[in-house]
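S.K.: Sequence:
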Amino acid sequence: MKHACGENPSRVYSGTRMDTIWAFRQGYDTAHKIKDKQDAFCAKALDGQWADLGEFPEDLQWEALVDVLRGRVKVHNHCYEATDLDGIVRLTNEFKFSIAAWHHAHETYLVPDLLKKAYGPTPAIALFATNARYKREAYRGSEFAPRVLAENGIRVVMKSDHPVLNSRFLLYEAQQAHYFGLPNNLALASVTSTPATVLGYDHRIGFIQPGYDADVVLWDSHPLSLGATPKQVYIDGIAQIENPHASKKPATSQKVPKTPDFSQEVEETIKYEGLPPLDPKKATAAVVVFTDVRSVYLRQGSKIREVVSSSETSKRNVVVVENGQISCIGSLSDCPSALSNGVQKVDLEGGSISPALISFGSPLGLNHINGEPSTNDGTIRDILKSDPPSILGEGGIIQAVDGLQFQSRDSLLAYRAGVTVGVTAPSSSGFLQGLGTAFNTGSPHRLATGAVVQKVTALHVAIDSSNPSVSTHIAVLRNLLNGAGEGELGAYFEDIVQGELPLVIQVQSADIMASLINLKKEIEEQSGETLQITFAGANEAHLLAKEIGEAGIGVILNPSRPFPTTWKSRRILPGPPLTQNNAFAVLLAHNVTVGIGIEEQWSSRNIRFDIAWAALEANGAISKPDAIALASVNLERLLGVNSPNTDLVAVSRGTLFDFDGKVAGIISPHRGVVDLII
Numbered sequence: 001m002k003h004a005c006g007e008n009p010s011r012v013y014s015g016t017r018m019d020t021i022w023a024f025r026q027g028y029d030t031a032h033k034i035k036d037k038q039d040a041f042c043a044k045a046l047d048g049q050w051a052d053l054g055e056f057p058e059d060l061q062w063e064a065l066v067d068v069l070r071g072r073v074k075v076h077n078h079c080y081e082a083t084d085l086d087g088i089v090r091l092t093n094e095f096k097f098s099i100a101a102w103h104h105a106h107e108t109y110l111v112p113d114l115l116k117k118a119y120g121p122t123p124a125i126a127l128f129a130t131n132a133r134y135k136r137e138a139y140r141g142s143e144f145a146p147r148v149l150a151e152n153g154i155r156v157v158m159k160s161d162h163p164v165l166n167s168r169f170l171l172y173e174a175q176q177a178h179y180f181g182l183p184n185n186l187a188l189a190s191v192t193s194t195p196a197t198v199l200g201y202d203h204r205i206g207f208i209q210p211g212y213d214a215d216v217v218l219w220d221s222h223p224l225s226l227g228a229t230p231k232q233v234y235i236d237g238i239a240q241i242e243n244p245h246a247s248k249k250p251a252t253s254q255k256v257p258k259t260p261d262f263s264q265e266v267e268e269t270i271k272y273e274g275l276p277p278l279d280p281k282k283a284t285a286a287v288v289v290f291t292d293v294r295s296v297y298l299r300q301g302s303k304i305r306e307v308v309s310s311s312e313t314s315k316r317n318v319v320v321v322e323n324g325q326i327s328c329i330g331s332l333s334d335c336p337s338a339l340s341n342g343v344q345k346v347d348l349e350g351g352s353i354s355p356a357l358i359s360f361g362s363p364l365g366l367n368h369i370n371g372e373p374s375t376n377d378g379t380i381r382d383i384l385k386s387d388p389p390s391i392l393g394e395g396g397i398i399q400a401v402d403g404l405q406f407q408s409r410d411s412l413l414a415y416r417a418g419v420t421v422g423v424t425a426p427s428s429s430g431f432l433q434g435l436g437t438a439f440n441t442g443s444p445h446r447l448a449t450g451a452v453v454q455k456v457t458a459l460h461v462a463i464d465s466s467n468p469s470v471s472t473h474i475a476v477l478r479n480l481l482n483g484a485g486e487g488e489l490g491a492y493f494e495d496i497v498q499g500e501l502p503l504v505i506q507v508q509s510a511d512i513m514a515s516l517i518n519l520k521k522e523i524e525e526q527s528g529e530t531l532q533i534t535f536a537g538a539n540e541a542h543l544l545a546k547e548i549g550e551a552g553i554g555v556i557l558n559p560s561r562p563f564p565t566t567w568k569s570r571r572i573l574p575g576p577p578l579t580q581n582n583a584f585a586v587l588l589a590h591n592v593t594v595g596i597g598i599e600e601q602w603s604s605r606n607i608r609f610d611i612a613w614a615a616l617e618a619n620g621a622i623s624k625p626d627a628i629a630l631a632s633v634n635l636e637r638l639l640g641v642n643s644p645n646t647d648l649v650a651v652s653r654g655t656l657f658d659f660d661g662k663v664a665g666i667i668s669p670h671r672g673v674v675d676l677i678i
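Per full-length UniProt numbering: the sequence shown = residues 1 to 678.
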């Protein structure tokens, strides 16, 4: 049985937390009274007291709760905050029933001793790895929660809450939990034996041993390595994939990843009750020397190049940075300034330096808590459903730059993960979204140097809706491109027709894309100019890869690992093991400029893993420099960012592409600083 406390019950009825816990107590009190009457009835029957025994006391409305009190039904409780957890703990002790698991449970790691006071066995905790801050109750969620709970002897289960997270990649939750400190055995158990035990199925599944269901997976790499993919799945001993496809994985993927030490971050998280300071610390010296650098990737025009190879394992390089600019790369003898007095040294322990990344696709920078209206910039009106406020004037258009909010926790976490620029369009569920903007994710406020990277990037529209019709959307777009717009709107569409401003179209269906390809050709024949058009979302773009490439249209795949959530995105290309190629490889093979996007702002911090995963599934078709380009130079081109992001990311012990590496610093030539994240 599922219980819920906190915000979720208020969607069903208008009430407070006190109302919720009172409703629980009232329900369990009623069930308790029925149980007592049933016990008395049975006692009399067993004693042979048949006179005036009457009918067995029962009430269908409360039957399930009576079974909870009898231990016949397991209770799973959706509960986030410590105050609600406390209420449920008291409830379990008052009515003597146990909780199997608390779900989502973002604040459980802050109150492990409270959890142990629940009646019966300590409940397990079923939670996400990094998905947090999407509503107020989740604001204190921490990537270190699984580690902290395990250290306190509490069972951890990683979950997807599908379709919140794609259940096909449930193992990724365990991988992330391991990256942030959950021991490897418990990380694997969190998606196998632990949930089986918590659910009461451990007599059949969750373990590989005689007598159990023959449901097993053969992985192409260690299950905790990034991008681990099934080579075969057996259910009841029967192979489920007729022709499994596998991508070549590096030899290191066969071993448990050597994850970083986050002990200091865990200590800070507990100290500040889930809200540790996230602001980066500027280097104390004008000259910063990064030592033991194994690989370096740099921008060269519109490309990313590897200038120091990771294959040169015997050579340990230094990278000297003066006032945010790299002044020397080489050995100590090559860079004498590295030996000067007063320099600040940062040992990367065989790590790497590479271009910083860009986030696009979520409302990052426009709110602090997505589900909390008071923290949001808000949603703009759909001009096809209602008239905009008259004070905006004819053809008024919304600019995302006006609604930017800095120092959100998601922005700062993205910065600490090497994502230093966010490109965001105004939030809208309608056709016209407005003008996008580019901002620095680590800046304290809009007036700080480099905070706004580019005021206006591209104009964004969406053609996915059915109300009004898709054909209505395309007709409106055609008229705007033919000069029907008024005021600002008309001026910006004139820039689009002249090829001076990119048009980013949110679209999933290949059928709609085909119509848009024809529309682009039609307008270009009339104007004699080439339009800059980008398809964003584009789950079905692979079906038109050749035509998209010939039309000169770019594509931002979002999500990067697709799921057919709607009918318009049903024809996805899932990638290995179900298909040989992923959409990235197919589009790149047809000379399409491809970028990578995200759907929710919390996942900005994971873009480094998204690009690595895309490359791993491409079976060698995407090199490491090409993977970096997916979230850097390619996105700049596709989104109209004319001010290049020259920031660099220093990673200790590994690279941006693996679970070994930890971001140690951000090198910013534009701001003339080095921010240290250690």
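Be a bit skeptical, because a hint or two may be false.
Label pairs and their calculated CB-CB ranges [as the list claims (entries may be wrong)]:
#, residue 1, residue 2, range
1, S643, Q264, 50 to 56 Å
2, K231, A45, 57 to 63 Å
3, E55, Y13, 28 to 34 Å
4, E63, P444, 40 to 46 Å
5, S327, K271, 17 to 23 Å
6, I208, K116, 28 to 34 Å
7, A239, Q264, 43 to 49 Å
8, D67, P444, 52 to 58 Å
9, Y13, D39, 30 to 36 Å
10, Q407, N591, 36 to 42 Å
Restricting the straight-line Cα-Cα distance to at most 25 Å, the calculated cross-link-like pairs of lysine-lysine (PhoX-like) are [claimed, not checked]:
#, residue 1, residue 2
11, K624, K258
12, K281, K271
13, K303, K546
14, K116, K2
15, K35, K2
16, K282, K248
17, K116, K281
18, K135, K249
19, K44, K74
20, K248, K231
21, K248, K2
22, K116, K96
23, K231, K255
24, K521, K546
25, K255, K624
26, K135, K96
27, K116, K37
28, K248, K96
29, K385, K345
30, K249, K231
31, K74, K37
32, K521, K231
33, K303, K33
34, K96, K35
35, K74, K117
36, K249, K624
37, K345, K258
38, K44, K2
39, K2, K74
40, K258, K231
For the record, the hints were derived by calculation from the structure and aren't laboratory data.
Ideal Cβ placement from N, Cα and C applies to all residues, glycine included.
S.K.: Each hint should be assessed against the structure and marked as holding or not.
M.R.: Comparing the hints with the structure gives:
1. At about 34 Å, the beta-carbon gap between S643 and Q264 misses the expected band of 50 to 56 Å.
2. A hinted range of 57 to 63 Å holds for the C-beta pair K231 and A45, which are about 59 Å apart.
3. The hinted range of 28 to 34 Å is satisfied by E55 and Y13, whose Cβ atoms lie roughly 33 Å apart.
4. Between E63 and P444 the C-beta distance comes to about 57 Å, which lies outside the given range of 40 to 46 Å.
5. Judged by the Cβ atoms, the range 17 to 23 Å given for S327 and K271 is violated: they are separated by roughly 38 Å.
6. Distance hint check: the CB atoms of I208 and K116 are about 31 Å apart, consistent with the given range 28 to 34 Å.
7. Between A239 and Q264 the Cβ separation comes to about 46 Å, which falls inside the hinted range of 43 to 49 Å.
8. At roughly 55 Å, the beta carbons of D67 and P444 sit within the given window of 52 to 58 Å.
9. A C-beta distance of roughly 32 Å is found between Y13 and D39, which places it inside the suggested range of 30 to 36 Å.
10. Hint check: Q407 to N591, Cβ distance near 40 Å, so the stated range 36 to 42 Å holds.
11. The suggested pairing of K624 with K258 holds, with an alpha-carbon distance near 20 Å, which does not exceed 25 Å.
12. Only pairs whose Cα atoms come within 25 Å are accepted, and K281 paired with K271 is accepted, the gap being roughly 19 Å.
13. Between K303 and K546 the alpha-carbon distance is near 23 Å, which keeps this suggested pair within the 25 Å criterion.
14. Pair hint K116 plus K2 holds up; C-alpha atoms about 20 Å apart against a cutoff of 25 Å.
15. Between the alpha carbons of K35 and K2 the distance comes to roughly 20 Å, so the proposed pair stays at or under 25 Å and holds.
16. For the proposed pair K282 and K248, the alpha carbon gap of about 40 Å is over 25 Å, so the pair is violated.
17. The straight-line distance between the Cα atoms of K116 and K281 is roughly 38 Å, outside the 25 Å bound, and the hint therefore fails.
18. Restraint check for K135 and K249: the C-alpha separation of about 38 Å exceeds 25 Å, so the hint is violated.
19. The straight-line distance between the Cα atoms of K44 and K74 is roughly 29 Å, outside the 25 Å bound, and the hint therefore fails.
20. Our distance criterion of 25 Å between C-alpha atoms is met by K248 and K231, whose separation comes to about 12 Å.
21. With a C-alpha separation of about 42 Å, the suggested pair K248 and K2 falls outside the 25 Å cut-off, and the hint is violated.
22. A hinted pair counts as satisfied when its Cα atoms are at most 25 Å apart, and K116 with K96 qualifies at roughly 14 Å.
23. With a C-alpha separation of about 17 Å, the suggested pairing of K231 with K255 holds against the 25 Å cut-off.
24. Distance hint between K521 and K546 is fulfilled; the C-alpha atoms sit about 15 Å from each other, no more than 25 Å.
25. For the proposed pair K255 and K624, the alpha carbon gap of about 20 Å is at most 25 Å, so the pair holds.
26. The hinted pair formed by K135 and K96 fails the criterion: a straight-line CA distance of about 32 Å is larger than 25 Å.
27. At roughly 31 Å between alpha-carbon atoms, K116 and K37 are farther apart than 25 Å, so this suggested pair is violated.
28. Between K248 and K96 the alpha-carbon distance is near 54 Å, which puts this suggested pair outside the 25 Å criterion.
29. For the hint pairing K385 with K345, the CA-to-CA distance comes to about 59 Å; that exceeds 25 Å, so the pair is violated.
30. Of the pairs offered as hints, the one joining K249 and K231 holds, with about 12 Å between alpha carbons and a cut-off of 25 Å not exceeded.
31. With a CA separation close to 22 Å, the supplied pair K74 and K37 stays within the 25 Å bound.
32. Our distance criterion of 25 Å between C-alpha atoms is broken by K521 and K231, whose separation comes to about 43 Å.
33. The suggested pairing of K303 with K33 is violated, with an alpha-carbon distance near 73 Å, which exceeds 25 Å.
34. About 12 Å separates the Cα atoms of K96 and K35, which keeps this hinted pair within 25 Å; it holds.
35. Among the hinted pairs, K74 with K117 is consistent with the structure: their alpha-carbon atoms are about 18 Å apart, no more than 25 Å.
36. A C-alpha spacing of about 13 Å is found between K249 and K624, which places the hinted pair at or below 25 Å, so the restraint holds.
37. Restraint check: the Cα-Cα separation between K345 and K258 comes to about 24 Å, which is no more than 25 Å; the hinted pair holds.
38. Distance restraint check for K44 and K2: the Cα-Cα separation of roughly 34 Å exceeds the 25 Å cut-off, and the hinted pair is therefore not satisfied.
39. Pair hint K2 plus K74 holds up; C-alpha atoms about 9 Å apart against a cutoff of 25 Å.
40. Restraint check: the Cα-Cα separation between K258 and K231 comes to about 24 Å, which is no more than 25 Å; the hinted pair holds.
Hint compliance for this structure: hints 1, 4, 5, 16, 17, 18, 19, 21, 26, 27, 28, 29, 32, 33 and 38 are broken, all remaining hints hold.
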